[in-house]
Structures are given as C-alpha cells and as structure tokens.
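Participant: Sequence:
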Amino acid sequence: MSPDRSITLFHAPQTRSSGVLMLLEELGAPYTLHVLNMKTGDQRGPDYLAVNPMGKVPAIRHGDAIVTEQVAVYLYLADLFPEAGLAPALNDPLRGPYLRWFAFYGSAFEPAITDRALKREPPPPGMSGYGDFDTMLGTFVGQLKQGPYLLGERFTALDLLWGGALSWMLMFKLLPELPELVAYTGRHTARLSFAKVRGIDTELTAKHAASEA
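So the sequence shown is numbered by our numbering: it starts at 1 and just counts up by one.
Wrong hints could be hidden among the right ones.
Said to hold, decoys possible - Okay, derived cross-link-like pairs now, EDC-like style, lysine to aspartate or glutamate, Cα gap no bigger than 16 Å in a straight line:
hint	residue 1	residue 2
1	Lys-39	Glu-212
2	Lys-119	Asp-134
3	Lys-56	Glu-69
4	Lys-145	Asp-115
5	Lys-39	Glu-177
6	Lys-173	Glu-212
7	Lys-207	Asp-134
Quick caveat, the hints were computed from the structure, so don't treat them as lab data.
Construct the entire structure; sequences and hints are all you get.
Facilitator: See the structure below:
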C-alpha cells in the first residue's frame, strides 16, 4: 500500500464519522484516528476549527488535502482506493446512479428527516428540495426493492452511508419499520466492519466517560 494514501480521520465515537471509519475498514485503507471528545468541546477548539470551521465530523486529512462534509468524504475515499471495488469507475454505467443516491441523501433525505423530526411544516413542494416526505421515502424504498443494495447486487460505499443513517433513524423511530428498511439495515449491521467499529467506539466512549468522572 502506497504511503501517500494514508488517511487521518477526525473521529468522535457514535457520530457520523463512525460510518467513515467503517468505510476505511472496508477499503483496507491505512489510517490514523484523531479522536475528538464532543462532550468536552474538542470540536470547538481552535485546532479542530482550523480543520473544519463548522466544528463537525467527519473530516479527513490526506496529504495536504482536507476533506469535510460526509458525502464528499465517502466519495473521496472510495475513489482513492479503487482496488476495493466500492466505487463504480467513471466509465461504469452504475456511476451515474451511484452519484445520484449520494446526492439524494444530502439534498432530499436529510432535509426531509430533519423537518419530520422537528415537527416542522415542510415548505410548499415547489420550494422544497425533497418535494414531500412520503414521495421522498417512497422513491428510496422503490430503489431498495430492486436488490439487496442500492445498486442492485453490487455493494458500494453508498450502502455504508445509507446503512448507517437508516439504522439510526429506525432506532429513534424517525422512519417506519418497513420490511425493506429493516432488511437493508440488517445487512449493514451484520458486516464485520460494523462489529469492529462498534468495539472501537465503545472503548472510546468509555474512556471519555472515565475522563469526566
């Protein structure tokens, strides 16, 4: 493995960066964790704000490049390790659908979930990036019905993003327990990388709790 592909992941346990850690494991990527304790405000310290002024995780450093924003991090890493096969190549017919569902996550799914969780009235469909909640969810579930993964039979980095998000949403009752969603998240949590990351996060969470005691 070429050393110029070493990654530093700015990570807080049990956050969105856990999904990126799972991706790094699936890619077989060399990485170092820079752990942030959210409860003590590490994400708001000047050192981390120099990495991401938004004070959010995940963020990665690869050489001189800093990449923030969840979807961008997944896309960047999956393309950086093409031999892992988690990103369709530019000339692959699946590349377009792959990008579509990454964009759908940030532009339609998360805004719709946020409005629903906060019990906010959604904007009129003509002014809403996701139209309406039921159409958004029906569109996504319709795609899932075409195969075990979002691109049919092919597992990609896309499924690591969506699998983690949907697991949390179902846990907090923000989504209906539709059979397609339950089966999809079950495949996600059954992966070896999920168990490894859960172990890492459990240990880090315990350390953070002990430091506050």
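Participant: A separate judgement is required for each hint: does it hold in the structure or not?
Facilitator: Results for each hint:
Note on Lys-39 and Glu-212: the hinted pairing holds, with a Cα-Cα distance of about 9 Å set against a maximum of 16 Å. Note on Lys-119 and Asp-134: the hinted pairing holds, with a Cα-Cα distance of about 15 Å set against a maximum of 16 Å. Simply put, Lys-56 and Glu-69 have alpha-carbon atoms about 8 Å apart, close enough for the 16 Å limit, and the pair holds. With a CA separation close to 25 Å, the supplied pair Lys-145 and Asp-115 exceeds the 16 Å bound.
Taken as a hint, the Lys-39 and Glu-177 pair is broken in the structure, with Cα atoms around 31 Å apart against an allowance of 16 Å. Using a Cα cut-off of 16 Å, the hinted pair Lys-173 and Glu-212 is violated, with the two alpha carbons roughly 30 Å apart. For the proposed pair Lys-207 and Asp-134, the alpha carbon gap of about 41 Å is over 16 Å, so the pair is violated.
Violated hints, in rising order: 4, 5, 6, 7; the structure is consistent with all others.
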